[in-house]
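Just so you know, the protein sequences line up as chains A and B, in that order. The opening position of the first sequence corresponds to residue 1 in this note's numbering, with each subsequent residue numbered one higher. The opening position of the second sequence corresponds to residue 1001 in this note's numbering, with each subsequent residue numbered one higher.
Keep in mind that a hint or two might mislead.
What the hints assert, rightly or not - Among chain A residues calculated to face chain B with C-beta under 8 Å, some are:
#, residue
1, Asp20
2, Arg106
3, Gly107
4, Trp109
5, Val128
6, Arg178
7, Trp182
8, Phe185
9, Leu189
Rather than coming from a laboratory, the hints here were simulated on the basis of the structure. It should be emphasised that the depicted structure is a prediction, and the values quoted were computed from it without experimental measurement. Even for Gly, the Cβ is constructed at its ideal location relative to N, Cα and C.
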Amino acid sequence: MTEAADRELIADASNPLGLDGIEFIEYSTSKPQALGQVLEMMGFRPIAKHRSREVLLYRQGDMNVVVNAHFAGLPRSARPSEVPVIAAVALRVRDAAAAYRYAIDRGAWAVPTHVEVMELNIPAIHGVGTSRVYFVDRYREFSIYDVDFTLIPTVDPHPPALAGMRWFGIVQYIGNDRMDDWTEFYAELFGFRKLPDTVRHGILPKGHVLQSPCGKFFLQLIEPKPGILDVEPEECLQRVGLGTPDVLKAVAALRERGVGFVESQGVHSDPRGALTQSYLGGVMFELVHDERP
Amino acid sequence: MSTAHINIDDFGMGAVSLAGSLAAKLAVVRDAGFAQIMLSARDVAEHPGGVDAAARAIRGSGLRVTGFEALSDFEGLAGRLHAYKVDVAKAMLEMCAAIGAKVLLVASSTSVHASGDEDAIARDLRKLAMLAVPFGIRIAYEGLSWGRSVRDFAAAWDAVCRADAPNLGIAIDSFHTFAAQAPLDDLEMLSPEGIFVVKLADFMWPEARTDEERISTDRHHRVFPGEGAHSEALADLVTRLDALGYRGDYCFDVYNDDYARMPAATVAERARRSAIWLAEDVLRRSVPLPNQIRLRRTAG
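Start from the sequences, fold in the hints, and give me the full structure.
Here's what the structure looks like:
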């Protein structure tokens, strides 16, 4: 009979954390209502409120967005600013505690958690800039939101996705000469693979694309424009990408809801992708053609 | 001949040679015409105003930080000792980031508790490199001439190649190179991108044979390049590195009890003379090198 440990080693060589997509994206902002309006324009619906903090959960289809106006005061965390920032990405994994240990053993920085009574302790590590990466393993039988959040009465907790939208990926801005560092970081800690430069998605063919080991989403690393530079640009999670089987249909549906799109000589909506205007000083969404089942 | 026009911008003065407060060291180094300074953890940790005040003083000095030294006895440990050293490494990385240093120096382990297993060493160095990635810090691993298993730049290079991380490279220290009598022909196997910093110092006697002699000489009797018994070899080392294509920083890493009792400005002036000798007579740099203008690598 095969030992369980052997079986797991064999099964997981290419996906060491048992990664299985994105559970939620968290924005941090001191103006949660303003961001809520932008999210609703993008098709998200407010679903639930956190039990103890100023935190709201938005959802459409399989996508969850957490809007956090609460300042935890942890090291290397930023006080919520008026301009919303992507503060965290929660990854679905087979075993959150094991995933956390795997990453810590390979050089991740642990984020100390401040859990209130009856709240879930979601393990987290530091990501780029002030962002964090959470590991979530409770997404099949029951959800993490059942514990920490209270449903808003009368709303549909599972609103359908607009134009079949779902998480496609995250765009990360990186500093000068940092492509190799971050590529190695995501490969070592999570098992991401760099795609050949011939594989392109969307309409903004810059940077390098890393594919998650589960194949469900991508990270796009974008360097500053070439030139002679003295100032080190900030590194951050810049925007999320939303996949849709029909970009132009999604653009039309979003336009009807008031979303503006960048239409310039360099960037414009086409069947491969589209880019929304920037809202609230920096929040934008990229649409990407995505036929995956 | 006036030396005012001579470009010594790629030579960093080491704070370890200088007496006085951090503020005094920064002022003296700048006044001596240096554009950069190598700082040690003590310079920052002992600042009476704390790390934040030290960081403000350093960032306000206009000097670039060549590197931050040194994490020691890190690799090859297990269990509780490893966990303890990871905590120390994290504290050093945070200080390194606070002062704007882009390179953390790591001295090869001298600990009797450390394993000499090459894979264990590589695994730990790789982990350290990953810990440094979010800060944009590069790890420069250096072979101490009395290290437990890694004793020269060639062995450090092997460990770094085995660990294989983009922000992990080596530091070459001329003192350890001469003390360990490491053959300079070994430089041929290095690629210049993997050398993150070159530390230059000499000493007054021809050789330091035992570990005890090396430790004592290293900690108390280093002198600036051009002042010691190995000027010819030191010039050879620098010339070979230049020919190899190395265009990174040099710094003076001169621990010397006499210098610690002299006025800092006098010591900095000796360092300046040394930098001018290297820049003008050895490397013949009367004009800035192209690398002084920062051109980015093409992404690829």
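Taking the hints in turn, this is what the structure says about them:
1. The closest approach between the C-beta of Asp20(A) and any C-beta of chain B is roughly 23 Å, which is over the 8 Å cut-off, so the hint fails.
2. Hint on Arg106(A) holds. Least Cβ distance to chain B is approximately 6 Å, under the 8 Å limit.
3. For Gly107(A), the shortest C-beta to C-beta distance to chain B is roughly 3 Å, which falls under 8 Å, so the interface hint holds.
4. The restraint placing Trp109(A) at the interface with chain B holds, with a minimum CB-CB distance near 7 Å, inside the 8 Å limit.
5. The closest approach between the C-beta of Val128(A) and any C-beta of chain B is roughly 6 Å, which is under the 8 Å cut-off, so the hint is satisfied.
6. Checking Arg178(A) against chain B by beta carbon gives a least distance of about 7 Å; that is within 8 Å, so the hint holds.
7. Restraint check, Trp182(A) versus chain B: the minimum CB separation of about 7 Å is within 8 Å; hint holds.
8. Of the supplied interface hints, the one on Phe185(A) holds, with its beta-carbon coming within about 4 Å of a beta-carbon of chain B, less than 8 Å.
9. Annotation: Leu189(A) was flagged as interfacial toward chain B, and the flag holds, the nearest CB pair being 7 Å apart, inside 8 Å.
Checked against the numbered hints given earlier, this structure breaks only hint 1.
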